[in-house]
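Participant: Protein chains in written order, with the numbering used here: chain B, 193 to 646; chain X, 193 to 646.
Simulated from the structure, these hints should not be mistaken for laboratory data.
No experiment lies behind these values; they were computed from the predicted model shown.
Heads up, a few of these hints could be off.
Identical copies look the same in the list; a pair holds intra-copy or inter-copy alike.
[To be verified] Here are the simulated EDC-like cross-link-like pairs (lysine to aspartate or glutamate), alpha carbons at most 16 Å apart as the crow flies:
no., residue 1, residue 2
1, 200, 443
2, 200, 630
3, 546, 473
4, 200, 379
5, 467, 405
6, 468, 405
7, 227, 505
8, 603, 359
9, 603, 396
10, 542, 363
11, 468, 291
12, 508, 396
13, 542, 505
There are 2 protein chains.
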Amino acid sequence: MKLMIDIKSYFETNRNEILRQYFDFLRIPSISTGKTHSEECRQAASFVLERLKAMNCDTARLIETDGNPLVFGELNRNSTFPTVLIYGHYDVMPADITDGWNTDPFEPVLSDGVVFARGAEDNKGQVFFLLKTVEYLVENERLNCNIKWMIEGEEECGSSSLWAFLDSDADALRADICLVCDTDMIDIDTPAIVTSLRGAAIWDITVQGPRQDLHSGLYGGAVVNPVKELVRVLGSLFSTDGKVLLPGFYDEVRQYTPEERIEITQQPFDEEEIKKIAEVESLGGEVGFSALERIVIRPTLEITGISGGYTDEGLKAIVPSYAKAKVFARLVMDQNPSKIKDSLVQYFQKNLTKGVQFECEKEIGLSGYVCNTDSRFFTHMNEVSKQIFGKTPAQIREGGSIPVVAAFKEKLGMDSLLMGFGLRTDNIHGPNEHFSLENMVKGMETIAAFFQQI
Amino acid sequence: MKLMIDIKSYFETNRNEILRQYFDFLRIPSISTGKTHSEECRQAASFVLERLKAMNCDTARLIETDGNPLVFGELNRNSTFPTVLIYGHYDVMPADITDGWNTDPFEPVLSDGVVFARGAEDNKGQVFFLLKTVEYLVENERLNCNIKWMIEGEEECGSSSLWAFLDSDADALRADICLVCDTDMIDIDTPAIVTSLRGAAIWDITVQGPRQDLHSGLYGGAVVNPVKELVRVLGSLFSTDGKVLLPGFYDEVRQYTPEERIEITQQPFDEEEIKKIAEVESLGGEVGFSALERIVIRPTLEITGISGGYTDEGLKAIVPSYAKAKVFARLVMDQNPSKIKDSLVQYFQKNLTKGVQFECEKEIGLSGYVCNTDSRFFTHMNEVSKQIFGKTPAQIREGGSIPVVAAFKEKLGMDSLLMGFGLRTDNIHGPNEHFSLENMVKGMETIAAFFQQI
């Protein structure tokens, strides 16, 4: 396996220059939330663009959007080769030294082979080693696939510019497989591949009552209170044993065999740790399923926000004018977000009393995603993993969503390989985020082998 | 009836001086909401104090509080005479000319016998004519009762200083009857006396979930969502036909005979007007009762505010940390706010799932109030009304609460007479509030006769 030694040596030989570039990338506070760092986001986009140019991409350009630019690139090697889309993001979560950082989050520090900085892992660190890996393969003429790059700058705040681009230009991203390095390994010796994600559907619902808040002494009891109506009808969607009572909600939920359910228990999961993090005495959820199953293979219907009337100090004797809620469904295969929405709307229209109006707006509606484990790319990644780690990756089902992955599947029929090289302990999104150079090199070795032997 | 002519003549003879004083009072922007007008509130209190001194009160002083001062006075005539407590307030609602006023709300304008200004009626106008009436009776040695004055400065924002005073010094206000002129007539020829008020109980309830918002992709489905729990349990308190399902809620509600219910229909009430004001197509409420009954003799349990999680633009994939709601009960005779609270707490504790904590704090808990229509003072007011208007006052049940009235009853066993001389069309709390001098004189005539012949 000459290549493995090669890229490790390449890293060691060029360590100073690689770290210099990596640190330059991390120093840019490309925070996408709140739109106060647009200039810095553009700088980070330019950094990525420069790396694409440095590897002699056939196309390398910023795509302007209403928000932060998208970085798009193409390396066309041979039309008979498979094409891989690499998706990642250059934006980071907010970070301030007062949040509990030991050092300035935007002044990277290398300590015992670990780099501390916002974005050290998520996702600048992983995007960076992908850039360096492909650069290395190009230089050494060992890249045996075509590559497209889509590195966006709003992943941490909803990806709205990428959505807009997908609506008009999805075809530009068409490839045989999408590679996403934005997830974790089990530990440094055990890679992991995420084989399923839940979908996400969010609906903003509003119950409208009187035109304006009315005095409850004069009108309370006769003018219908929209907060009460929202609570009454929304509350009736949930059983005491954690089931969702919306008609049809479970109709298309994929059922798992006893064997599959046993297999799921193999996935690392620590119920006590979750209780500790949440600081709660008990977990809850749907009767008949384990906590892990509730998170990864069962759908939930949650209320992630609700508001109406007046809840501050003191009293306001009102019949409130309106109430609204954000209903957030984590969907699984093979639930259809549109059908669930239709059922929700019908349910409210049927059950709300006269005297209020109902509105439901979709914010997002994405199906769940299950990786095609029969694909040649999945098999190939297993083979590569065996070479590098001596074992195939653990297969992990996640409860979260990576919206673009579901969108790629829906719009382009394109599968994704979700194989990242972080660790759960890297504290992404929190203070003192970090990424070990050992993980970085493992990532480079694995991805280099994947692209070379593809 | 020499006296009636007397006070009318007194008004006409001294019209300029009376209006000068009245306008001086109205010019003080004694807005109590928001605490930005403390100095002006003190000026208004001093104005009242000066009038008490001018009528040679035996006691006349400001009682300092954490908020605006209370004005307290005593006119001791004869220990064999009955004692009347006059309760009113010198503070006003906020007003700004940009809210739709035709003239400066704090520069009174007299137009066709009607005074336009904030507080022209509520409650400065009515307090002012009470001051002038008693002053007149004292000057002419026709006051045949002892009088206590309690004119507060926070009625429009919760009366918290008066509450504190009642906790420590309620006895100072002990009297045979309390007179409150803060309500309306049916029309200029038809006085009205409010014979019942609903009570008010407000509870702040909180359902606490995880210590902080958690990522719903990682925890959603297993960590209990407190917003969902609050909505589920709170929602189960309401039936589809407008009944409150809280155990025991209706147990002590006073039942009315068919005759009494027919009598209630005599009260002026315009259902279409309410729909128009609320801009709703239908009214709602408890099955089996008319809209008016729902407002004046039936209790309601309302949610006047609810909040939890995130409801602004865009998505936040969270298991929210907590949810809270303000539950506002309009109570009727003979419901007991403490018992209702106990039932509410028990209901939540029994029905909430494990994994969340529940808290319930009382903000206020006042019983309903029904006027003792057999009292000598009620009979006396009817007699006086016949003299002045040729008829007894209409008896009106109101859906609102005047908290101090219930508190006087609870703490001192003291009844109140709620007989005011405004009109529903005076637009109190709104722009272009006004009060007709004709109403003012009717009020002076009635109250003068009441105090002289008592």
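Participant: Which hint numbers does the structure go against, in order from smallest to largest?
Facilitator: Failing hints, ascending: 1, 4, 9, 10, 11 and 13.
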